[in-house]
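2 protein chains.
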Amino acid sequence: MKFDVLNPTRVVFGAGRLADLGALAKPYGSRALLVTGGGSVKRNGTFERAVASLNQAGVEVVECSGVEPNPKIGSVRKGIATALDEGCDLVVALGGGSVMDAAKVIAAGVLYEGDPWDMIFHGQPNPYIPFTALPLIAVPTLAATGSEMNCGAVISDPESQVKSFASTEALYPKLALLDPELTLSVPRDQTAYGIADLITHVTEGYFNSSAETPLQDRLAEGVILTAMQEGRKVLADGSDLAARAQIQWAATLALNGWVSSGNGGVGFPVHMLEHTVSAYHDITHAAGLTIINPAWMRFAAKARPAKFVQFAERIFALQAKGSDDLDCALEGIQRFEAFLTEIGCPTRFSQLGIDDQLFETYARETLRIVNDGQGRLPGLPPMSAAQIVDVLRDAS
Amino acid sequence: MKFDVLNPTRVVFGAGRLADLGALAKPYGSRALLVTGGGSVKRNGTFERAVASLNQAGVEVVECSGVEPNPKIGSVRKGIATALDEGCDLVVALGGGSVMDAAKVIAAGVLYEGDPWDMIFHGQPNPYIPFTALPLIAVPTLAATGSEMNCGAVISDPESQVKSFASTEALYPKLALLDPELTLSVPRDQTAYGIADLITHVTEGYFNSSAETPLQDRLAEGVILTAMQEGRKVLADGSDLAARAQIQWAATLALNGWVSSGNGGVGFPVHMLEHTVSAYHDITHAAGLTIINPAWMRFAAKARPAKFVQFAERIFALQAKGSDDLDCALEGIQRFEAFLTEIGCPTRFSQLGIDDQLFETYARETLRIVNDGQGRLPGLPPMSAAQIVDVLRDAS
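As given, the protein sequences belong to chains A and B, one line each in that order. For the first sequence, this note's numbering gives the first residue as 1, with consecutive numbering after it. For the second sequence, this note's numbering gives the first residue as 1, with consecutive numbering after it.
Isolated chain A (complex conformation) (with noise of 0.2 Å):
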């Protein structure tokens, strides 16, 4: 086990912390840039209250709205100018993933002369890794990405129909302020999705683990249980603010890298393809990883079926014959499909009217992007793109 972790983002966590935005901004700056999605954060007071609290406290704001779904470059380098235009000293990212992740490469970009799709990662070294940012407070509204901790971005291209990542220390947010209450507006289907996100965040790290790690799979099955049992709390009643807070902790640990420390991850397969297909049609990113996991579970089980059965045993209580026990896998995997089933979530790519026409082209740009030097996708086992059809014409 050899690893690395840093972690220097602050969490202030609590129902009704909001209102604690503008005191907690002002040591960062005086003019913030606040970026927001949709119209949702408006039409529910949210927005209001963020502004009201860092008017307050002496923070002046610079609005920065519109950022969409699977965030494009072209949202991030308008926020740079208006970042740039108005004086911003500071960012403030009141959203879901989308908005923070737009967030964090406006914050760096403000700080750079060149183009910001110069820091997202396509295929062969960046041009630029940005170093330094301007100071960003992530309030995230959602729970499902964990984007509010980490220093991950994920930024899409329309024109080179291109969706990928940032991932370096300077993209760390200064402080995260979660208050669930924030999230006691979200839709079902939009909880769901972030209930889904999250667990597969921890499936990931967890599959595709090189070292024995017997520490972070306990600590990635806990983030597993406490997801499904509380999930399932939050979607039978939207208002349950406990489970509602459960649920916000746990997407910020499914990736903010403690979970996963040490587990010597070899790649994060499922998102790599679920990123090309949602470059080529605008699917919600759970979705497509709800499609896509269940079937790269069933293809990564047969290869090392071990981690699944561990899997099997302590997520759903099944008994196994032995460590090499497929059945017992594969029985675990389907109890995890029917979760996701459950919750409302589509595990196959017909269920959103995406047939396999483009699965060779899929496979193809995945492999440009990102690939192990023989041309194969990095995971346990690794996948060459007649594999990756495979699991694609799997979960069709």
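Hints may be right or wrong, so weigh each one.
One copy or two, either will do: identical chains are not told apart, so a pair holds if it fits within one copy or between any two.
Below 27 Å or equal to it, Euclidean Cα-Cα: the simulated DSS-like pairs (lysine-lysine) are [said to hold, decoys possible]:
no.	residue 1	residue 2
1	K2	K42
2	K233	K2
3	K2	K26
4	K321	K233
5	K2	K78
6	K26	K321
Just so you know, the hints here were simulated from the structure itself, not pulled from any lab data.
Following the hints, put chain B in place on chain A, whose structure we already have.
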């Protein structure tokens, strides 16, 4: 659930990484006070390797050796004087929890003109809470206290017979260099104490959690299960580097704030009692913990069995009749005590030759240093002096 959390310590983990110490230290300073304990790091060559790595990177070394177990404020004062005389701009701690704790207060004390005991909480508001310190690099040679990645330090004053703590963000090490090879030479008894120490750190948060914390509970259980499983491996074969690595990372996670974030911990009653006892008797910290903890658990389980039932079910796979099944709760505690005995830790004061003569004194002294304003020791439930004496008698 309401909490703030920040842990800015960078972790560098891996067998053999002591060789990287110099390169890692160089950005922080060029003249290091190297704090160590007794002679073991010199006898086994660790000291020499650390110095060589530092020197090779251009970092000069000023030695500060002889920090004792249960580190005394006198050693801290001596370290501060040396650092000032020698113009050190960096502190490197190479040793166990005592060495790291002393090094933290030294690093802060160098930038404070008053007496370092002003930083240690002992029953009234502290005269000084450090807001800054020299950069500190912690290199644990023992998996136990988790001091390498937290902001706490426990220091004793033999004159006043007070053993108490400082805990504030300025005391976080900049970097924790975790090289499990360094723990290969730790004797069996010290290894067992480390395992018991880390488990106690987790149980204190787990059983004194004021909120419903399903996620934190799962993480805590994951650390305990791993510590027991890998601990048995290490004690069976001290050269099992993979298991040593798991124990070392578990010790760090047990007290770095990740597992307990949000559990609303209302106290560390077992630690508070142990601090008093070991201020009177210079016993190994973990031995005091393994004696007091099961007795405290029996006391607390009677007041609120549910959490102890969960512990019995999830750690020892017992089947409870319901969440108020005290018999099951007590059976779980008995299994836990049996584990402590199995690994060679004492569970009765009599095993250390400590009789009941001073039990009232321990209770009074503990409550003098920390109480809830109503004369009780914070915890779930809070303990009166009479209840403390009962618990100590149960452990006698």
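Against the structure, the hints come out as follows:
In this homomeric assembly, K2 and K42 come within 27 Å of each other (Cα to Cα) only across copies, at 26 Å, whereas the closest approach inside a single copy is 46 Å. When the C-alpha separation of K233 and K2 is checked against a cutoff of 27 Å, the pair qualifies only between copies, where the shortest distance is 20 Å, while the shortest distance within a copy is 38 Å. Taking identical chains as interchangeable, the C-alpha atoms of K2 and K26 lie at most 27 Å apart only when they sit on different chains, with a minimum of 21 Å there against 38 Å within one chain. For the identical chains of this complex, K321 and K233 are inter-copy neighbours only, at 24 Å across copies versus 33 Å inside a copy, given an alpha-carbon limit of 27 Å.
Taking the closest pair of Cα atoms, K2 and K78 never come within 27 Å of each other, the shortest separation being 40 Å inside a single copy and 36 Å across copies. Taking the closest pair of Cα atoms, K26 and K321 never come within 27 Å of each other, the shortest separation being 59 Å inside a single copy and 53 Å across copies.
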